[in-house]
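So the protein lines, in turn, are chains A and B.
With this note's numbering applied, the first sequence corresponds to residues 1 to 414, in that order.
With this note's numbering applied, the second sequence corresponds to residues 1001 to 1133, in that order.
Among the hints, erroneous ones may be present.
Calculated pairs, DMTMM-like style, for lysine to aspartate or glutamate (alpha carbon to alpha carbon, straight line, at most 25 angstroms) [claimed, not checked]:
| id | chain 1 | residue 1 | chain 2 | residue 2 |
| --- | --- | --- | --- | --- |
| 1 | B | Lys1104 | A | Asp291 |
| 2 | B | Lys1103 | A | Glu289 |
| 3 | B | Lys1050 | A | Asp285 |
Partner residues aside, some chain A positions facing chain B, computed with beta carbon under 10 angstroms [to be verified]:
| id | residue |
| --- | --- |
| 4 | Ala256 |
| 5 | Cys257 |
| 6 | Leu259 |
| 7 | Phe282 |
| 8 | Glu284 |
| 9 | Phe287 |
| 10 | Asn357 |
Rather than coming from a laboratory, the hints here were simulated on the basis of the structure.
Built from N, CA and C at the ideal position, the CB exists for glycine as well.
As a plain string of letters, each chain reads:
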Amino acid sequence: MQTQTEENPVAEITQARIWNIPVRLFHWMLVSCFITAWLTRDDRYLDIHLFAGYLMAALILFRLLWGVIGGPYARFGDFAFGWREAWGYTKMALKGCPPRFIGHNPAGSWGIYLLLGLGSLIAITGLLALGGEEGHGPLAGLLNRPQGALAHDLHELLAWVMLGAVAVHLLGVLVESILHRENLIGSMITGYKSVPPGTVSATASRPVAAFMLVATIAAGFSWFYGYLVETPEQPYRPFIGQQLPDNALWREECGACHLAFHPSLLPARSWRVMMQQQASHFGEDLFLEQDAIDEITTFMADNAAEQELTEAAWKINQSIPETETPLRITETQYWIDKHSEISMQIWESPKVNGKVNCAACHLDADDGTFEDAAMRIPVEEDQSSTVLFNEMFQKAARYFSFNSAPPNRLDDKG
Amino acid sequence: MKRKLIVITALMFVMPMVVQADAISQLQADYQAKGAGPFSAAAGEALWNKPFKDAKSGKERRCTTCHTTDLTQAGKHLRTGKVIEPMAPSANPKRLTKIKKIKKWFVRNCKWTLGRECTAQEKGDLLAFLKSL
Chain A
1 MQTQTEENPV AEITQARIWN IPVRLFHWML VSCFITAWLT RDDRYLDIHL FAGYLMAALI
61 LFRLLWGVIG GPYARFGDFA FGWREAWGYT KMALKGCPPR FIGHNPAGSW GIYLLLGLGS
121 LIAITGLLAL GGEEGHGPLA GLLNRPQGAL AHDLHELLAW VMLGAVAVHL LGVLVESILH
181 RENLIGSMIT GYKSVPPGTV SATASRPVAA FMLVATIAAG FSWFYGYLVE TPEQPYRPFI
241 GQQLPDNALW REECGACHLA FHPSLLPARS WRVMMQQQAS HFGEDLFLEQ DAIDEITTFM
301 ADNAAEQELT EAAWKINQSI PETETPLRIT ETQYWIDKHS EISMQIWESP KVNGKVNCAA
361 CHLDADDGTF EDAAMRIPVE EDQSSTVLFN EMFQKAARYF SFNSAPPNRL DDKG
Chain B
1001 MKRKLIVITA LMFVMPMVVQ ADAISQLQAD YQAKGAGPFS AAAGEALWNK PFKDAKSGKE
1061 RRCTTCHTTD LTQAGKHLRT GKVIEPMAPS ANPKRLTKIK KIKKWFVRNC KWTLGRECTA
1121 QEKGDLLAFL KSL
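Next comes chain A alone, as it looks inside the complex:
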């Protein structure tokens, strides 16, 4: 509104609704999804990350539909500029005198197509990675693990490209806002722009907007419903892995003193050595009879990490050099990398009690599936939300560290 106080050569200026509510909702929900997905890219928040991703995909699908039926300024037909026009507009903007468009300008239109395209590709590669690496989602089983990992890399690369596109988009909005002396960000919130009289106004489309909100809330409620009904004894598990091979004797003997670590967590050569050394099993004599040793060894070798029964099995096995035979899961590089951010304070807390207690955090440790997002770091009840908030805040600060002031800058007293 401040820009309107400037002297303007056009005598008659009126306000008209240019962006209908669905367009604005789409815009800001897409922004929220992108930020949320970025902050939850750690495996631990996979369920939140997936919700943001699915919502983003749904929003893009909606926008494609809305681009056909959405009324003036929202329809693709209203901003179907060619490449030459976009480049021409950009050159004019660089010279400082771009023509003013009421709806999307030609360069901005290409930005929108680029962002919609990138968002779609990110959603597709995300689903491919989810299906290939984790074996979840609608595309489960379509790709194998190495292919899924490739899709994952592509997914991350595309996200960075999209972040770059967002930066260019923001720069464009800023430049145009300054050159035309108008608040484009404000317009995307209120929907209104200053326009010459007689300009076509967009309808508000409240019912569509209401549907978007209700659908999003309903989807969020059903997606996260498990958290509402969980109990401390039965925490909600967003992902249930496929059931792994089991063996009663293995579970009884190994599970008597510690968690029955699933065979998929170490290669067969490690289990064989461990079972041969059963008289000095980490300082204890297991005193197992030969037939028990044989049965357990066979079960473990048959389902060891090489069989790639889980994502963790595959990644653990990949991280072990073939010349090495680790006897502890915690010695494998994948395990070390995955747990590098866990502080000593957490390891030593009474509820965790050391690295041997997988089940302290991994809700599915007993099943051996070690799904992403099936983990909770135990904290005191009254602190849990604060800790989670701090963690998210630190992550946000790390990713967007260029926003914070240099910490050691001396005051300029001159």
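We have chain A; now place chain B onto it with these hints.
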């Protein structure tokens, strides 16, 4: 027919106790055959609470380190934190019912706690003590 069912049901309740008595008395008979006995619950209890010094770490170890002093309650594995079900047969009827299991745990736990295997006398006393709980 009905009577048969009653008998079977009654047996289902009695059987575990019979088996338990069997496993313990059979083992104690074995120990006696090796020259040990008679067995006393008091001696078993004394051994249960007796501290032993671990040669390597220099730390004190007792049966109670993991099983705690209240055997009707669950204990906790010192290193892994794994819950150990109560030792007292009154609180955990499955306890001391399988000869194989008793033998295995005597080897494992005597070696860890005492630094050696237990003697037949010690094992017989411990069983007498645990049986009484």
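Hint-by-hint comparison with the structure:
{"no.": "1", "hint": "Lys1104/B <-> Asp291/A", "result": "holds (14 angstroms)"}
{"no.": "2", "hint": "Lys1103/B <-> Glu289/A", "result": "holds (11 angstroms)"}
{"no.": "3", "hint": "Lys1050/B <-> Asp285/A", "result": "holds (21 angstroms)"}
{"no.": "4", "hint": "Ala256", "result": "holds (8 angstroms)"}
{"no.": "5", "hint": "Cys257", "result": "holds (6 angstroms)"}
{"no.": "6", "hint": "Leu259", "result": "holds (7 angstroms)"}
{"no.": "7", "hint": "Phe282", "result": "holds (8 angstroms)"}
{"no.": "8", "hint": "Glu284", "result": "holds (6 angstroms)"}
{"no.": "9", "hint": "Phe287", "result": "holds (4 angstroms)"}
{"no.": "10", "hint": "Asn357", "result": "holds (5 angstroms)"}
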